[in-house]
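Please build the complex by placing chains B, C, D, E and F on the supplied structure of chain A, with the hints as guidance.
Number of protein chains: 6
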Amino acid sequence: MSPVRYPAPDLNSLPDDIKAKVLEVQEKAGFIPNVFLGLARRPAEWRAFFAYHDALMLKEDSGLSKGDREMIVTTTSAANQCLYCVVAHGAILRIYEKKPLVADQVAVNHRKADISPRQRAMLDFAMKVCQRSHEIEDADFEALHAHGFNDEDAWDIAAITAFFGLSNRMASFSGMVPNPEFYLMGRVPKAK
Amino acid sequence: MSPVRYPAPDLNSLPDDIKAKVLEVQEKAGFIPNVFLGLARRPAEWRAFFAYHDALMLKEDSGLSKGDREMIVTTTSAANQCLYCVVAHGAILRIYEKKPLVADQVAVNHRKADISPRQRAMLDFAMKVCQRSHEIEDADFEALHAHGFNDEDAWDIAAITAFFGLSNRMASFSGMVPNPEFYLMGRVPKAK
Amino acid sequence: MSPVRYPAPDLNSLPDDIKAKVLEVQEKAGFIPNVFLGLARRPAEWRAFFAYHDALMLKEDSGLSKGDREMIVTTTSAANQCLYCVVAHGAILRIYEKKPLVADQVAVNHRKADISPRQRAMLDFAMKVCQRSHEIEDADFEALHAHGFNDEDAWDIAAITAFFGLSNRMASFSGMVPNPEFYLMGRVPKAK
Amino acid sequence: MSPVRYPAPDLNSLPDDIKAKVLEVQEKAGFIPNVFLGLARRPAEWRAFFAYHDALMLKEDSGLSKGDREMIVTTTSAANQCLYCVVAHGAILRIYEKKPLVADQVAVNHRKADISPRQRAMLDFAMKVCQRSHEIEDADFEALHAHGFNDEDAWDIAAITAFFGLSNRMASFSGMVPNPEFYLMGRVPKAK
Amino acid sequence: MSPVRYPAPDLNSLPDDIKAKVLEVQEKAGFIPNVFLGLARRPAEWRAFFAYHDALMLKEDSGLSKGDREMIVTTTSAANQCLYCVVAHGAILRIYEKKPLVADQVAVNHRKADISPRQRAMLDFAMKVCQRSHEIEDADFEALHAHGFNDEDAWDIAAITAFFGLSNRMASFSGMVPNPEFYLMGRVPKAK
Amino acid sequence: MSPVRYPAPDLNSLPDDIKAKVLEVQEKAGFIPNVFLGLARRPAEWRAFFAYHDALMLKEDSGLSKGDREMIVTTTSAANQCLYCVVAHGAILRIYEKKPLVADQVAVNHRKADISPRQRAMLDFAMKVCQRSHEIEDADFEALHAHGFNDEDAWDIAAITAFFGLSNRMASFSGMVPNPEFYLMGRVPKAK
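Protein chains in written order, with the working numbering: chain A, 1 to 192; chain B, 1001 to 1192; chain C, 2001 to 2192; chain D, 3001 to 3192; chain E, 4001 to 4192; chain F, 5001 to 5192.
Pulled out of the complex, with its shape left as it was, chain A reads as follows (with noise of 0.2 Å):
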C-alpha cells in the first residue's frame, strides 16, 4: 500500500474539539495512536467513530469487563486480519487483562487462549457476530445465559464486534498501521 495514499493532518489544522481529545490521548499514552489522525482528515467522521467507540468501550454499568472488551476486539480483528486493531487492542488488553501472553493467544487462536470458559463462550458469539451474523439464532443466546450474560451482555458483544469490524475494513483498505509502542506494551512489568 502506499503510504501517502491517505495522509494524516497536522494537528494544527483540526477543529478545536478534535484537536482537544488528540491532546488529551497524547497526555495519557504518550502518543498519539495512529488511528486518532488517520481518520481525523474527516472531522464528522471522526465525531462519530469516537462517540460509537466511547459508548461502546468506556461505559461502566455492563457485565463485559473492560478486559472482556478488548478481548473481543482483538479475536475478530484478528479473524478481519486488521493489523493495526489487534496490534494496538491487543496491548490494552494485556494491560487491562494483567496477562502478557493473552492478546497473542486470542489472536492466533481463541479456543487454545488461557481464559475463563465464560470469556470462551464470550468469544465464540462474538466470533459468529463477526462472520456469519445472519446465522445467529436463540441458540447462541442460550450458550450465552449459560455463562451468566443476559441479553444485554449480548447487545454489547455484538455491538463492539460491529463496531471494530467497521474499524478493521477503515485501517485495512486505508493503510492505517499502529504506532510501535503498541507492540510492546503490557509485556513487561514496568511497561507504560
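In case anyone wonders, no lab produced these hints; they're calculated from the structure.
Heads up, some of the hints might be wrong.
[Unchecked claim] Facing chain C, according to a computed beta carbon distance under 8 Å, are these residues of chain B, among others:
(1) L1037
(2) L1058
(3) A1078
(4) V1087
(5) D1104
(6) Q1105
(7) N1109
(8) K1112
(9) Y1183
(10) L1184
(11) R1187
(12) V1188
Here a beta-carbon is modelled for each residue, glycine too, at the ideal position from N, C-alpha and C.
Then chains B, C, D, E and F, alone, in the frame of chain A:
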C-alpha cells in the same frame, strides 16, 4: 428469533433529541423505520450511529451520488444477508435512481445488474472491502481511478461499506425486521 | 455479459409443439417469460427441461404445496445468485402464498423470513442439498420427519433444488434476464 | 445412509417405455446401471431426466467429442463429491478416450491430468459453471474461444455441467451407489 | 506444470543408503514409485521423509491396521487434491483391505464408502485434522473413544494425516505424477 | 483441551540421543521449548521430525536466509492458526531479522508487513502452497523468478511450508502450548 428479545422503547420514553429526530423522520416518511426505534434503547449508541450515517449518506461534496451510495448499501448488505438493510435501502435506492428494478438486481448479483461500468467498478471495490478488506491493494484503487473515482471517492465507498457492515450485524443479531412499507416503495410510479 | 451471445429465436421459427406451449404461456401470463425463448434455441433440451419442470412443479400428489415449491426455488436460487430465477419465481411465490413480502425475505435470509417452522425445516434441507449434497445423512431426513414430511416429500424438496440448480446455472451462464413484469407481480392487491 | 430409503422398483412394475429402455441398456452394457432403476420410481421425472441426458450426451453435431463430454461429467462430479457419477462416468470416459488413467486424474485434480490444453480450458470453464456460475463473464468465453471453442460449444459445456449438477445432487441425496462393474471398466485392454 | 522443473536424479548418482533402499523397493514392487526418486535430489530431506513415513506406516504396535492407515492417507490426500498420493496409496489401500472398490469410494466421498462405523469415525477425525486442526477439541477425541480408539490411536490418525499433508504439498508443488502401475493395482484378483 | 492428554515424558526417561539433543537445546536457549518434550513420547517420530526440521531450517546453502525461513514459518502457521508455532517461530524471526515488529505483522496480515517485495513474493508462494497447493502452476514459479528466486529456492519455500503444516497440525491437535519465554524474545534490545 424471539421478536421480544430487544423490544423497541416507547417513543415518549426517549430523550428529547432522539424523539425529535424520530418524529421528523416519521413526518417525512409517513412511518418510523424500525432501525430508529430498534437502536434507541441505547441512546449514546443511537446518537453515534446516526451521526455516522448522516456524515456518510447525507454529505453533499462527494463524487458519489446518493443513488450510488444506496447501491453500495444494498449490494453489500445482501452479501451480509441482512434482511433489514436490503429491503429498506433497496427501497431508497429505487427512489434515488428512479429505477424500480435495480435494487433486486444488485441484491441478487451485482454483476448482472443494469448499471453503468463505473457503478460496477464501485461495487466491485465495495464488495472487496466487505468480504476481504485485508487483501485491498493499490491495484484496487487503480481500478477505481480508471472509472474517474479519486481516493476521496474510494474512502466514501469503503466507509459506507464498513458502516453498513456494522449496521448489518446489529440488525441481524437483534432480529430487526423491515417495515412492510419498504417492500413496495419505489416500485410503482406513485409510490409514496 | 454481451446480451447478444445467445439471441432468442423468433417465435415463428420454433417447432410447432414448442410454439404452441409458448403461446399458451403467453395467453395465461400476458407475456412470454424469457426462459421459454432463451432455451428454445435447443428444442430437445427445451422439451426435457419443461417436462422435468412440470413433473416437479405441477404434480398434484405432493406433500408440498405449490407455494412451498416456489419457496424452495426462490431460496436456493438466491444462494446460487441467479437473477432470473429469484425474480421470476419470487413473483410466483408471492402469488401462491398470497404473501407479498415473503419472496424478498427468503431470498435475503430464509432464517429471518415470516414462514412456518415446517417451511423453515424444508428450506434447511433444500439449502443443504443445494450447497453440500455430499454431506446429506440420515439426521437430515429425521429433521424433516419431525415436521411431518415423509421421504417422498424429501425427494420432492431435493429434486426441486437439484433441478433449479441446473436452471440457475443455465440462466446465469447465458445471461438470461427476468422480464420486467415479474418484479412487481404479487406485490400489490390487483397485480395481474 | 439407510440403503432402503428409496428402494429400486421391480423391473416388471415399470411402465412399458421405461422397461424397454432399461432392457436395452442392460443388453448393451451387460448390467443395469443403478441410475436407471434408482430414478424409475418416478416415471415422469425419469423420462425427463433421460431425455435431457440424451439431448446433451448423445447428440452428434457438437464441437465436443463424447470423450470431452464424459470428461466434463467426471471432473465436475468429483467437485460435487458424487460417488455414483465419478465412478460410472469415469468408466465411460476411460472407454471413449481410450486412456485408462485419465478418469482418476481429472477426478483428483484436473490441473495435473494428462489432457490437451484445449481440454484444460474446457474443464476450467466447466468448473466455474459448477462452482461460481454467477461470476461467469465475457472473459470466460474468450478463454474458450482462444482454444477454438465457439459459443455453441460453451453452451454444451455449461449445459452438461448443469445437468450433472442435478444428477450429482439426486444421487448423493438418495444414497445411489455405483454398480461394481463400473470400477474396472476401461482399465484393462479387454474390459467388457 | 513443466515436467522437467525437478528432474529425478539418476539412480547411480544417489548416496549408497538411498540407492540401497530404492533398489529394495524396486525389488519388492517391481518398479520404483516416483516419490522415491522425486525426493532423492535432496538426500537429507529424503532420509527424514522416509524415516517419518516408516515410523508411522510400518510400526507394529498400533490400534490401526495398515489398511486403516492407508485409508486415512487416501481420504485426506483426496481432500488436498494430491494426484500422486491418491493413486499410489489408493492402490496400497485396495491391497491391504482386499477391497477393490474402497479407494475410489473414500477418495470421492468417505461418507458414502462401504466401511465400518469405526473407520468412518477415524476418517472424520482425520479430515478435521486435515482441514481445521485449530478447531480440534475434547469432543473430537470422545467421538473416537466411542468407537474403541484410545488417545494413542488418535495420535496415529493425526500424525498420519499431518505427515501426508506434507507429502501432498510436496507432490503437488513439484509436479510429481503417479507411476502408471499404481492405477490398476489391487483392482483385479491377480494384480501384482 | 485437556492439558494432560499427552503428558510430556520425563527428560531422564528419554533415549540417550534424544536426551542429549534436548539438553543441548536447553543449554543454548535457557529453557526447553515444549515441542522437544511434547513429541519425545514417540522417539522414532521425534528423530524424523527434527532431522527434517534441521535439513530445512539449518542448511547453509540456500537462497533463503534463516530470517526468510522463519518468516515463512510464522506466516503460514498463522494461516493454520497454530499457537505454538506462531509464538515460538515468531520469536526466532524477530531475533534473526533483528526487527522486533515483523513477526506480529506477518502473523496478522503479511500484505501489510514491513518487508521487502522479494519477501512478499516468497510469502505469497508459501501461502499458496499452504492453502491451495493443488493450484500451483508455472505462473507461481515465474512470480518467484521475477524476484531472483530459482527453483531450488522455490523448493525450500514449499518444503518449509509443508513441513510446518505438519508441525502445526501436531501442535494444535495435541494441545501443545508455547513456553512463556517465547512471547517476549526479540522484542527488547537485551532479550535473552
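Given L1058 (chain B) as an interface hint, is the shortest Cβ-Cβ distance to chain C below 8 Å?
violated, 25 Å
Hint check: 8 Å Cβ-Cβ cutoff, D1104 (chain B) to chain C:
Holds. Min distance 6 Å.
Chain C contact restraint on L1184 (chain B) - CB to CB distance below 8 Å
holds, 6 Å
Hold the hint about R1187 (chain B) up to the distance rule: shortest CB distance to chain C must be less than 8 Å.
holds, 6 Å
Taking the closest Cβ pair, is N1109 (chain B) under 8 Å from chain C?
holds, 4 Å
Identify whether the interface hint at V1087 (chain B) stands, where standing means a beta carbon of chain C within less than 8 Å of its own.
holds, 6 Å
How about K1112 (chain B): closest beta carbon in chain C under 8 Å, or not?
holds, 5 Å
Measuring from the C-beta of Y1183 (chain B) to each C-beta in chain C, is the shortest one below 8 Å?
holds, 5 Å
Does Q1105 (chain B) pass the interface hint, meaning its C-beta sits closer than 8 Å to a C-beta of chain C?
holds, 6 Å
Using Cβ atoms only, decide whether V1188 (chain B) comes closer than 8 Å to chain C, and label the hint accordingly.
holds, 7 Å
Just to be careful: measuring from the Cβ of A1078 (chain B) to every Cβ in chain C, is the smallest value less than 8 Å?
holds, 6 Å
L1037 (chain B) was flagged as interface toward chain C. Is the shortest Cβ-Cβ separation under 8 Å?
Nearest chain C Cβ about 18 Å off; hint violated.
Violated hints for the displayed structure, listed by number in ascending order: 1, 2.
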